[in-house]
Structure formats: C-alpha cells, structure tokens
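Generate the whole structure from the sequences, applying the supplied hints.
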Amino acid sequence: MYFIRNNRLFQSISFKSFQNYHQNYLYLQNNGIRFYSNKNDFNQKQQNAISEHLKTFNYEKEYKRSIEEPEKFWDSVASQYVHWNKRYDKVMGGTIETPKWFEGGVLNAAYNCLDVHVRDPLRKDQIALIQETPGKGWEEKLTYQQLYDKVCLFARGLVNLGVGKGDRVIIYMPMINEGVIAMLACARIGAIHSVVFGGFASAQLANRIEHSQARLVISSNYGIDGLKTVDYKSLLGEALDISKHKPNHVVLFNRDTSSVEISPKKYSSSLDKAMDWNQLIKGVEPLREYQLVESSHPLYLIYTSGTTGAPKGIIRETGGYMAQLNYAIRYGYGMQPGDVFWAGSDIGWVVGHSLCVYGALACGLTSIIFEGKPILPDPSVYWRLIEKYRVKAMFSAPTAIRAIHRDDPEGKHFEGIDLSSLKYMWLAGERLDTPTQLWLQSKLPKTSTVGDHYWTSESGCTMLTQPLDSNGELQLEIGVSGKPFMGFKMEILDDHSKPISKVDEQGEIAIRLPVPPGFTNTLYLNHPGYIQTYQRPHLGYSRTGDSGYMDSKGYFHVVSRIDDVINTSGHRISTGSIEEVLAGHASVVECAVIGVPDEIKGEIPFGFVILKHSHSIEKVEKELIQLVRNTIGPVAVFKNVLAFSKLPKTRSGKIMRNVLRKIYNGDEFPIPPTIEDPDVLSDIKLQIKNYHNKLNKNSINKN
1 MYFIRNNRLF
11 QSISFKSFQN
21 YHQNYLYLQN
31 NGIRFYSNKN
41 DFNQKQQNAI
51 SEHLKTFNYE
61 KEYKRSIEEP
71 EKFWDSVASQ
81 YVHWNKRYDK
91 VMGGTIETPK
101 WFEGGVLNAA
111 YNCLDVHVRD
121 PLRKDQIALI
131 QETPGKGWEE
141 KLTYQQLYDK
151 VCLFARGLVN
161 LGVGKGDRVI
171 IYMPMINEGV
181 IAMLACARIG
191 AIHSVVFGGF
201 ASAQLANRIE
211 HSQARLVISS
221 NYGIDGLKTV
231 DYKSLLGEAL
241 DISKHKPNHV
251 VLFNRDTSSV
261 EISPKKYSSS
271 LDKAMDWNQL
281 IKGVEPLREY
291 QLVESSHPLY
301 LIYTSGTTGA
311 PKGIIRETGG
321 YMAQLNYAIR
331 YGYGMQPGDV
341 FWAGSDIGWV
351 VGHSLCVYGA
361 LACGLTSIIF
371 EGKPILPDPS
381 VYWRLIEKYR
391 VKAMFSAPTA
401 IRAIHRDDPE
411 GKHFEGIDLS
421 SLKYMWLAGE
431 RLDTPTQLWL
441 QSKLPKTSTV
451 GDHYWTSESG
461 CTMLTQPLDS
471 NGELQLEIGV
481 SGKPFMGFKM
491 EILDDHSKPI
501 SKVDEQGEIA
511 IRLPVPPGFT
521 NTLYLNHPGY
531 IQTYQRPHLG
541 YSRTGDSGYM
551 DSKGYFHVVS
561 RIDDVINTSG
571 HRISTGSIEE
581 VLAGHASVVE
591 CAVIGVPDEI
601 KGEIPFGFVI
611 LKHSHSIEKV
621 EKELIQLVRN
631 TIGPVAVFKN
641 VLAFSKLPKT
651 RSGKIMRNVL
661 RKIYNGDEFP
671 IPPTIEDPDV
681 LSDIKLQIKN
691 YHNKLNKNSI
701 NKN
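For the sequence shown, position 461 matches number 461 in full-length UniProt numbering, and the numbering has no gaps at all.
If you're looking for bench data, these hints aren't it; they were derived computationally from the structure. Wrong hints could be hidden among the right ones.
[Stated by the list, open to error] No farther apart than 25 Å at their CA atoms in a straight line, the calculated lysine-lysine pairs in the DSS-like style are these: (1) K412 with K61; (2) K697 with K654; (3) K446 with K489; (4) K446 with K502; (5) K612 with K685; (6) K639 with K689; (7) K165 with K72; (8) K612 with K689; (9) K141 with K124; (10) K446 with K388; (11) K90 with K100; (12) K649 with K685; (13) K72 with K124; (14) K619 with K689; (15) K498 with K446; (16) K639 with K697; (17) K72 with K489.
Right, dumping it as structure tokens:
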C-alpha cells in the first residue's frame, strides 16, 4: 500500500489491512492524501494529469500577494518546498538594495535535489537524467538513485583532492551527465562551481579560470557539436597556458574515442598531471554526508558579458535559489514531480543551471541533457525526442525554431510523430518574433501551447511569463513577452528614472527593489560594480538593460538591448570584447561593433574598422573573422566587417555606435549636435547601401 501527500510517496501497511480502517481512509483522502495499490498505478494516473497544485491557483491573487506581502509569500514557499537543516530566523533581512533572504537558514542544494528523492520509494527509481547525443545515436539514463550514487562518489574524490566549502571549481564540460554530476558534487561539499560554456575559446576559458582563482578545473577530452567533434582537452590546455593563475588540480572525464575522430596532437604540458575521472573515484567510499551551508552561501558563479567586454561574475545564493526554482517550475512552467522536462540549453548558461539541473531535480522531474543541434541529423530531432520520452514541457531559444523553420518550412518533419504529450513549448533567451511563434503553434497539436517568456542571467529564472490558470492552461497572448512573475515588480522607466504610466510607450524595463529570492545581489569580488551597474542608474530599481513597453492588458513587450551587449542565438556577447580582438590586429587602427538583425540568429555582430594605409579589407577580412573565432569562439558568429576612412565620433572622442546602427537599419535620424565631423556619415551610408545591395543580389541569385 502506498500513499502520497504533497507529491511525496510513502509506503504503508497492506491495502487489505488498511481497508479495515475505512473511516480513517476516507478522512485522509479528504485531507489531501491519495492512495495507490502499487507504483505502476501511481505512474499511470499521474502521467499527463493536471498538476494538483494548479487546481486552486490564481495568478492575479498570487502575484498581488507576492508584491504586497513578500515575506509571507516566500515564507510559505520556502516552508513547503525546501528542506532546511536549520530553519531561517528571518524571511528577509539586510537592506532593500541588498536583501538577505532566509537569513539564518542552513541547507544543502544537492540534498534538496537528490537525497530527498532517494528517500522516496517511488522517486528513487524514477529516471532523473537522460543524456541524448543524436549525432552519434548515444543515450544514457540515470535514475535518482544512480545519480545520487555517482554524485556521492565524485564528491568524495573532490574532498580527497582537498576541495571544500568556498573553493571555486571551473567546469568545462559538454552536455553529458557527468557535467551535472560535477555540479552536484560541488554543491554537496559546499564548493562554488563556475560552469563555462563549451563554445567559448581558450582565451575566454582562461579569463574565467584567472578571475575565479579556481582551485580545480573539471573537463572532458571531447564533446559532440552536432556532427562535429570538439577537442575540449586541447582547448583546456591552451587556456591553462594563457591563465596566470594555475589551478591546483585538473580532472578529465575521458570519453570513449573509438567512434570519433580526433587528430593526434601533442597536448600542453599543463595537462601532464591531469587526473582521470574514473581513477579519482576508484575504490573510494561514497560521501553520504553533505556540507551544511548558510542560505546566503554562493551555490555557483556564472559569468555573463558586461558592456566593457570584461565578464561579470554573477553570484547565486543557495537558499533563495532553491525557493525560487521550486516555485517557478511548479507555478511558472506547470510541472509536477514525475513529469519529463527538456530545456534545450547548455549547462554553461543560466537556463542550463536553473532548468536542466537544479530546478528540474529539486522538483523531482526527469530532465533531458541534449548534446546536439536542432537540425542535425535532420530537422525532426526535437520532435522525435519529445515523442520518444513523452516530454511534457520544452524550453528552447527562438533561434533553434527559426533554424528548423528554414530547413523545414512546410513542417514535413512533424508528420507521423506523436507530440500529444507536449503541453508547453516555452521560448526565451532572445526576442521571439510573431511569425516564428505562429508557425510553430500551427505545427504542434492543439493541446500544445507556444509561449514566450523573459528572464536574465541575473534573475536566475522567470521574470515575465504567460500566466497559467487553474486548468494548467496558458493565458496566452501572441507577440508579447509576458506578465510579471511572482516577486517581480516590473516597471517601464523614462530617461529621468520615472515610471511611465502611458501604455505602449517605450522606456527601460526595470525591477522595483527589493529583488525576490534567487536574484543575484552582488558580483564576485566586485560589489561596488554591482551597485554601479544595476542600481545607480535608477535609484530604487534594478535595471535589466532592456527596453520595452507595457500594453493595455498589462503584458510587457521586450524590444531590444539598451547597452552594448548583443543577443546572438540567446547568447549574450559583449561588442566590447569583439572590438578588443579586432583592435589587436596589426592592420586595424580603430574599430566599432554593433548588433544587426539576422533572420536565423536574431542578432549578430557587424564590424566597422579603420585600417592602416596600404592595408586593404580584402586581405584582412578573413584574418579578422578568424581572429574573433579563435579568441571568443564560434558562438560570436562574427562574419561581416567593412573598412572605412573615418567613423562618427562625439567631440569627446567617443564612437557613435547608435548612429552606426541607424545607418545600417536604414533609419532616418537628425544629424547629432555632438558629432565631430558630419561629413563622415555620407561615406558610411554609401558603403552600407552597397553592402545591402550586394546581399540582396546574392539572395536573388541563390533563389
């Protein structure tokens, strides 16, 4: 006999014996306890059911309560969903600018993601992770019990290396289960992990090793990028050579190389003492204990692009994050324990942290770890995996859907595939254009809903969403980013930091302080920089760096970035970092980079350079493109650069990038009064016009 309450399963006496207490049985049923004669009966009734917690859910009431009574609201969330080894003394301490959520509380994130489930007779045997590498036809599943065992083994290995609470650990891994294991093992011992996206080149990896002063680097010998093999080991070796800081240890997970092609090479001597993952854990006792940490203890450090080109180290505190994710997964994404969730993101990005790993596992979901591309080996790969694993909700970037649309405009790869399990298709990471949303909605079953939503690396999870109703359906509006999620008092501000009350009037999107749990409230080793970047521009608010407006129904529309960070396929790339690379070329005198529209990527960088005399762009262009690719990585998608004799500048010598954007986009604009030399604009306009004509001619010839 099994009974369940609050989505936790418990084993009781035999069903026959329990029936003797019929009155007690009915009483418990009426008080939220549901009974099942066996686990299969539970699984069958749970699949595709409306999440129990949504049956009394009312977005408007919940949102109002989260804004007007934030401490009561988050206390109820943290009490119900988070396991505390010591309950917090205060729901919110600190100041309005730097709140300390769940002050005095003690917990462990890995315990909340694993131990609570392996103690559950149903959940421990449920699949926790499914690693899929479609380009190779590889698949690996781990139950919660198996994942727990592997995390405890690796955690012991880390402790044996001398890694402990507060130590920084860089994780440079492909999308494989071992990447998740490494993250959770760090959380178990209180180490602070910083996962670096595998698409970054050696220089970017070295920057993060150096800035974090990492004690340990964990990596793999290779990863699979679509149909290509990426030599992680070589990239890591180069990064270790570049970094002035040398980690104490390097651990490599050596994947089988019998079915991949990696060119033989001599690796950097920095890897001579690298330890093999399996050797590290060979013969060790699993670490069943776990390190208790304060609610404010950093769970992880994740770097995001800043407007200066220097990455910012965002800190995520443990207690607030666990509360935030437990609520967002259930009431934002409509999931319940046992559901299958697929976030098509890399663990190197915040979506991978929040949805692939900590959010999915804390809520007892099955999470898909996808090592692949949305159109390889063909455009049906997303839909086949949804059918294969009966995915209930998926997260993807609009770029991926645009790529599928480009390769399969008629939607023929949807045919013959059963997508009836898919209830929610969530898109975010960049602006979602309405044609893409409508196309995808037209190809999915009527029971599936395509919803846009919005969040940032700083927020850790949803800020704007398509609200759910009590039937688990989205209150969907096409072409909008969403309504504010719980705890986020979102407003549109004018140039004087005053709220704009008029609908459809554009300004900067900002969050009224205090920020809710899970939102970063400092930068690694740079709290003054945090205040200056996020709070000083608009006192009483945290800025998002995005512009937008609110319509008459209360939905927000996110329009564009207001700073010099561009969004390429959902990846934030600093134009300053690309400019720094271009300026390092011997032929370049001066340069500027802007973001320009792209049909597939959403936005890509475009370079403007001034070359030294006698140097031609025809000779230098390929070198500049390759230089950016080698330094920053293919993720930058830098492939267009033009040379000019002059660039527009202010009288103080600043390049007027906003003017370059307007010229490229063909926008009309008055001559800026602060421009140093107005005559420079005519030459730039002419060259951009010729560039667009060439693009159009090539497009016609292709068709």
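Hints versus structure:
1. Restraint check for K412 and K61: not satisfied, since their Cα atoms lie roughly 43 Å apart, outside the 25 Å limit.
2. A distance of roughly 35 Å separates the Cα atoms of K697 and K654; the hinted pair therefore is violated under the 25 Å criterion.
3. Proximity of K446 to K489 is assessed by CA-CA distance (about 33 Å); at most 25 Å being required, the pair is judged violated.
4. About 35 Å separates the Cα atoms of K446 and K502, which puts this hinted pair outside 25 Å; it is violated.
5. Only pairs whose Cα atoms come within 25 Å are accepted, and K612 paired with K685 is accepted, the gap being roughly 21 Å.
6. Pair hint K639 plus K689 holds up; C-alpha atoms about 18 Å apart against a cutoff of 25 Å.
7. Distance check on the hinted pair: K165 and K72 sit about 31 Å apart at the alpha-carbon level, beyond 25 Å; violated.
8. For the hint linking K612 to K689, the alpha-carbon distance of about 24 Å falls within 25 Å, and the restraint holds.
9. Taking the CA atoms of K141 and K124, the gap is near 13 Å; set against the 25 Å cutoff, the hint holds.
10. The straight-line distance between the Cα atoms of K446 and K388 is roughly 19 Å, inside the 25 Å bound, and the hint therefore holds.
11. Our distance criterion of 25 Å between C-alpha atoms is met by K90 and K100, whose separation comes to about 9 Å.
12. A hinted pair counts as satisfied when its Cα atoms are at most 25 Å apart, and K649 with K685 qualifies at roughly 15 Å.
13. Under the criterion of a C-alpha separation no larger than 25 Å, the hint pairing K72 with K124 is inconsistent with the structure, at around 32 Å.
14. The suggested pairing of K619 with K689 holds, with an alpha-carbon distance near 22 Å, which does not exceed 25 Å.
15. Simply put, K498 and K446 have alpha-carbon atoms about 42 Å apart, too far for the 25 Å limit, and the pair is violated.
16. The hinted pair formed by K639 and K697 meets the criterion: a straight-line CA distance of about 18 Å does not exceed 25 Å.
17. Annotation: proposed proximity of K72 to K489 holds, straight-line Cα distance about 16 Å (limit 25 Å).
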